[in-house]
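Q: Given next are the chains, with one letter for each unit.
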Amino acid sequence: MTTETSTEYEKYYVPEKSKLAVCATIGLILSIFGASYGLNEMTFGDGSGSWGILWVGLAIFAGTLFVWFRTTIRENIAGMNSAQLKKSYVLGMFWFIFSEVMFFFAFFGALFYVRNLAGPWLAGEGDGGRMNGLLWEGFQYSWPMASTPQESIGGAGNQLIANNGTFESYDKSMAFGDASAWYAWLPLWNTLILLSSSVTVHIAHLGLLDGNKKKFNLWLGLTVLLGIIFVFVQAYEYYEAYEHFGLTLNSGIYGSTFFMLTGFHGFHVMMGMTMLLIQWIRSVKFGHFTADDHFGFEASSWYWHFVDVVWVFLFLFVYIL
Amino acid sequence: MFLKAKRLTALALGPVLMLLGLYSASTAAADAKVNEINMPPGVTNVGQSIFDLHMTIFWICVIIGVLVFGVMFYSIYYHRKSRGVTPATFHESTKVEIAWTVVPFFILIAMAVPATSTLLEIYDFEDAEMDVLITGYQWKWKYEYINEDGENVAFFSNLRTPQSEIYNTADKGEHYLLEVDEPLVIPVDTKVRFLVTANDVIHAWWVPELAVKKDAIPGFINETWTQATEEGVYRGQCAELCGKDHGFMPVVVNVVSKQEYAEWMAAKQAEAAEIKQLMAQTFSMDELMERGKGVYDRSCAACHGANGEGGLGKAIADSPIATGDMAGHLEVGINGVPGTAMQAFGGQLNDVDMAAVITYQRNAFGNNMGDMVQPIDVFNHKKG
Amino acid sequence: MGDHHHGPAKGLSRWLFTTNHKDIGTMYLWFSFAMFILGGSFAMIIRAELFQPGMQLVDPLFFNQMTTLHGLVMVFGAIMPSFVGLANWMIPMMIGAPDMALPRMNNWSFWILPPAFLLLASTLFMEGGAPAFGWTFYAPLSTTYAAPSVTIFIFCIHVLGISSIMGSINIIATVMNMRAPGMTYMKMPLFVWTWLITAFLLVAVMPVLAGAVTMMLMDIHFGTSFFSAAGGGDPVLFQHVFWFFGHPEVYIIILPAFGVVSQIIPAFARKPLFGYDSMVYATASIAFLSFIVWAHHMYTVGMPVAGELFFMYATMLIAVPTGVKVFNWISTMWRGALTFETPMLFCLGFLVLFTIGGFTGLMLSIAPADFQYHDSYFVVAHFHYVMVAGAVFSMTAAVYYWLPKWCGKMYSETMGKTHFWISFIGFNLTFFPQHFVGLAGMPRRIPDYALQFADFNMMSSIGAFIYGSSQILFLYNVIATIVSGKPVSDDKVWDGAEGLEWTVPTPAPYHTFETPPKVDASHAHS
Ligand code: HEA
Ligand code: HEA
Ligand code: CUA
Ligand SMILES: [Cu+2]
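Protein chains in written order, with the working numbering: chain C, 1 to 321; chain Z, 322 to 705; chain W, 706 to 1231.
No wet-lab data here; the hints were simulated from the structure.
Think of the CB as a built atom: it goes at the ideal place given N, C-alpha and C, for glycine as much as any other residue.
Accuracy of the hints is not assured; some may be wrong.
[Claimed, not checked] Just a few of them, taken from the derived set where beta-carbon distance is under 8 Å, the chain Z residues facing chain C:
no. : residue
1   : Leu-516
2   : Gly-540
3   : Phe-541
4   : Ile-542
5   : Glu-544
6   : Ser-578
[Said to hold, decoys possible] Partner residues are not named here, just some residues of chain W that face chain C (Cβ under 7 Å, in silico):
no. : residue
7   : Val-908
8   : Thr-929
9   : Asp-939
10  : Val-1193
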């Protein structure tokens, strides 16, 4: 059911009533409800939180998204989408990615702030912290933070700031340490993996533009594979951090920023990977996409490039500098 | 009631003042505090600079306002359709548009100059003659005089207004909510540097007449200073939302002559020495219970209820902790319960008070444990 | 497809499943009014408790919950959705588009709001109570020291953010992509312009807010130390992240209001908007500046002096573009042929009171003076002047102005004017004395106060009840119009009104501009 318009004007497809939004809402709200009560039970031990509600919510949400995208794809195949509507999708994706950039901006801003301002202030350096020596006697600032302010004054039992938790610094940080063993430094390999996946997805795109679906499928599949490898290496790194480096979420601000940035990045990699995987399945299984109509793929690949660029910054500011 | 007639007049006068938008630097009345409508210039040079700055900007805004609204009302009156005017059609003029971009810009520069110099004055922390470390707690202030030579003197400053006044069962006193059990005392004509921090959440130490407001950030020390030129009692309040009793943590500063200050300081130091002595003593049950009730009402009742029935904190009556193992009870009192509002009181109460309040909790509200805690037990528990 | 020209479906499914921009706009508007009543009720509890010194009605913790929820509900539930609703209704009609660019997502952006607010309000009944840390939720009061309801609060903020981001993306896509041929950017009505810029602000800062609450979530449940000095973090970091969102947020609130006023004043002055181009540039400058002034909310946290100076200068600069707007509105009135129907009255009220609020804003921006103003009722007075007399007045004006177009019937002018005058007087009675008590030293967010502030507080409470009651009149007037108003015969409704929305029949049909209109000079700014 499309909106009828006059002939000289390409019609803009305005969908009729749709249940999608309401279903997605139910999924989303159930998810946050379940997550809130679940977390509260975990931390405060009260309430009858049920993680089950979260899973049900997420399932509904995922199911709705699936149907939603399927509907959109079918509409496109049925030729309902005008060039103008396609442009709306392009704009939508672009500004969505922009909002994601700003999400990471908040975390990078936090990292910058603690590294360059708050950290030195805690150690009594700089205009903002001339007198802090009175509180954190003996605290020396360095990045990665070798010991937390709390440790420097002898632990949480101290009368000051007693109630804010216990923060024990790591034994070994993730920063680039041993130049002679650079080949054993996983982040470097992961960077190479992710960077090359940006190249492979571009090659896939070129293949598609040439109408070479074989090339497209091959290189896109390769991209997804690289993404999976990246996630596994990252997971292995986390395992090492927790098991061998003593680096956890509780390791003071270094651990906090490290896991927050890499964690959210990793999550976005998984999202991007899923998007690409779906495009791959669409292409291989259903033969979707032509040289001049492949926005689903293009949007996913933009997202992938975005995830890649974030990693470059992350690699610089979290691992190297 | 307190100054009722005057208040009624003010109530009637208020709207008139409002309509005129009149600010006056001071009201003529003898007790200038009631229905004050402007910032107090206070008793410091910085306060005076801030006040002057405030008035300057205020008048600039008034003038701009009169011009802008004047034009507007002229237009409302003379260019109304009912007067039979035909509307003009102009809709731009580069010249005036540039003018009203540039002129405000210069006005702003004129404001920025005195603002900058006042700010730099405030930020000049050098040459302070004495330091006081101010720590915000939920919901009281701790003052610690950092004496280069000799003992530091430290004490807490709690709201003194009784609950009966707050809950309207007694008449409210003159300094309702703005009175404490023990004010900060500082000498006149002395540059006093305040080192402001907090133990739990963010508070802000504010005394309008000393022209000081500084946030107390847990884990960081902020600097600020004042130099009062007149003796007197100056009152303020915590100015950053810090939880339930944010409205009930006043600041009172007693500015006294240098001589009086020295005497006061000497007395305080003697008192501190006395407490040290008390710590070594053994108390009777009655002594502990009496002292303990005082401490409980002051420090614990806000969360645990006047009768131990609980509130923000868990009930003390019948509490498994307060009727259980003594060491466990001491542990909670001294080190708090991390991650909850139950703070570590070990640093806030001296060992005598801690012993007393724990004893009290174990024997009041129907918790008839019959056992006692002595200061030395507290001391030993802290040692570990 | 023959069944296309039907009107809306019947019953609940029309609203639940709709993709129509007018339906969605209507839902946003009603929802925001409901939230206005809810947030207003919280304000009434605040004002009732503050009627006299002493604790009478509620306990201090509950008072803090009221303050917090009042701020949150008003900002996120009442003001923002109301302008989104207006955007939904008006933008497609103003630029000659058949609908919003992404209609299904549009419905979704709306529908996640009501349950999110329901969940937030439900925390009032939780153990430990609702959030009680102010709408600015500073850590660590909102992390280590918060009640369990904070977790729900955090997720609700996430949902509100998602809603705003999707709504904004939709608006951006609509404006950039759906304009009728000939509707160039510099011909767009100013309301569209201000919303385009607002949407950009939203997409830029809502994710930052999401980041802030996510860090809180981690601190509360997963042991990180972003906002805890003991682990090397900093509570002030929270404030920086929050205000990086929070300051642009206040312009998100006011820019669409500027747009509304820029539509209405020319209509009742019967004269084109003065300085259209400079209005656009001024709006853009305000938006740009809003990103570099955030720390003016944090002058007292102990920033190094260089920071204080930078943020002070940058903040003061905002007076310039805002002044341009005020001067342009007044020049629009100058030598026009003015009439004073209700929408115009509310715009004039806006003009005077917003400017006063702007002046106090400028005073607050002077860092050394702000050391005295900060966290006092002077600040409360400032922001209610800009938000209530600014945003709410202009929203009210918008409803009166476009209501006849929406429902094809005319509201009662007498009742409208009465509403205006009671509001105007009640508003000033409420908030003007707050300048006085603030300057005299009354902190904000306190449930009880010293005796010297008693009279002005009583006055303020009386004013609040007057202002609040006048909203009943408004509600009644709107409902009465919809149910039994006098039908409007003229498509244009107001003889001085300009713009495409007035070229469609009255009431506006369910679908407008299925074929793009011709844009000629008389329908747009030149
Ligand atoms: C709609 C919302 C809105 C708007 C538009 C504004 C507009 C402004 N605000 Fe306000 N503000 C808030 C909402 C808003 N504010 C809120 C909600 C808070 C409190 C948050 C909280 O803590 O809870 C706040 C707090 C706040 C503070 C922090 C106070 C404190 O906590 O200590 C400051 C400080 O600089 C400030 C400044 C300004 C300035 C300079 C403007 C300027 O944009 C004003 C510009 C306008 C004019 C100046 C008038 C018109 C101009 C002329 C006629 C030209 C000529 C004039 C001159 C040259 C003087 N605001
Ligand atoms: C746009 C946002 C907005 C709006 C519209 C309002 C509207 C009002 N606000 Fe509020 N306010 C804020 C945003 C807003 N406020 C914010 C952000 C804060 C800071 C919170 C914080 O510190 O964290 C604040 C804080 C705040 C305080 C300070 C609280 C404190 O510091 O403890 C006060 C006190 O007077 C107040 C009062 C009012 C009043 C009387 C109204 C009135 O305009 C409301 C009028 C509306 C109604 C009353 C509802 C509709 C009418 C009816 C349902 C009819 C029935 C009513 C009667 C019969 C009376 N507000
Ligand atoms: Cu302490 Cu507010
Ligand atoms: Cu601001």
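Q: Check the structure against each numbered hint from earlier and tell me which ones fail, lowest number first.
A: The structure breaks hints 6, 10; every other hint is satisfied.
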